[in-house]
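Start from the sequences, fold in the hints, and give me the full structure.
Protein sequences, first through last, are from chains A and B. In terms of the working numbering, the first sequence opens at residue 1197 and continues consecutively. In terms of the working numbering, the second sequence opens at residue -12 and continues consecutively.
There's no promise every hint is true.
Claimed, not checked - Covered by chain B, according to a simulated footprint, are these stretches of chain A (three or more residues, beta-carbon under 8 Å):
| id | segment |
| --- | --- |
| 1 | 1211 to 1217 |
| 2 | 1235 to 1243 |
| 3 | 1247 to 1261 |
Derived by calculation from the structure, the hints in this document are not laboratory data. Since the model is a prediction, treat every value here as computed from it, not as a measurement. Every residue gets a Cβ at the ideal spot worked out from N, C-alpha and C, and that includes glycine.
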Amino acid sequence: MDASTLSYLTIAAMAVTVYLTRIAGSELMSRITMTARLEAMLKTMAASVLVAIVVSECARGGLRDSLAVGAAAALMLATRNPYAAMTAGVAAAAALSFLQI
Amino acid sequence: MTLTLKGFFKGFRSLSWLAVFLIPFGMAFGAAAVERGISVEQAILMSAAVFSAAAQFAAMPLWETGTVLSLVLVVLAVSTRHILLGAALSPWLNQISRPRRLAGLSVLSDPNFADSSAAFERGERDAGRLVGGGAALWLSWVAGSAIGAVAGESFGDLSRFGIDALMVSYFTAMILARWLDRWQGSATVLPALTAAAVALVGLHLLPAGWNIVATALAGGAVGGFLHGR
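Okay, structure coming up:
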């Protein structure tokens, strides 16, 4: 097999792998009877994934990323507009980078 | 639960700004891929078919030296959290027909999960929201990858412009939006504190990506335990 064929094969294998993870959760749940408690679990899980991403990023990124998240949170609470929050987070991160924090 | 074009465009619009800022990330990937000896067409094809920044960046160090199996395992490791995202959306998504659901989930990623799950919890009942948001992200990811692969060099370090803080700021906003919409006292606070604690501990103890999985399961368990109490 030449290198180019192998590359295409690898890309296909990656694509199939990622696709299977995308459908696995809903396929699994379609075979399970939904109860109110299970639904509560899944909803909390959804919120927990987001908390996990943000906390991991702050822990990895240190002071700069944590302050950027703080700025985003403050703007979100003040305006309830996610785009205002994103702008604040990016602006804060850029400013802190400029100040070499 | 339906899947309509109207919902699709709602999702597309909702994530279109985020998608614009995703272009530099795509450029960074395209440039990195070409640097690894991947052809321009293959880099674009990979972004179109795999559509996962985490999986694609994780695969790069192994591209020249790894076997297909080792690449698949790395991709699987960083993609496991999709399984949880899909499960979390299942109370709504599993109400549409299976072929539509399986097609729509092909563009599932973190931002359109955050956007559509918040919309579904607010009472929207259109799975198009997930697909449209995913389409906006897909377009910019592929376009950015193409630009980066052709130009061969990205902006350099994105952190100078603060763009690396974009996604985390968006997810912060989505968490707060959820809390502002529906604050449930201890049923909100306890799972969030558990999630934060598990994420921090897991970050140091578990391989990359797995702390997100552990956190989701722990938070979900607390949520299930508190239900009805």
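Hint check results:
1. As drawn, the segment 1211 to 1217 of chain A meets chain B at 5 residues by the rule of a beta-carbon pair under 8 Å; at three or more, the given contact holds.
2. Closer than 8 Å: that is the beta-carbon criterion, and the segment 1235 to 1243 of chain A has 9 residues meeting it against chain B, so the requirement of 3 holds.
3. Under the rule that three or more residues need a Cβ within less than 8 Å of chain B, the assignment of the segment 1247 to 1261 of chain A holds, with 12 such residues.
The structure meets every hint from the earlier list without exception.
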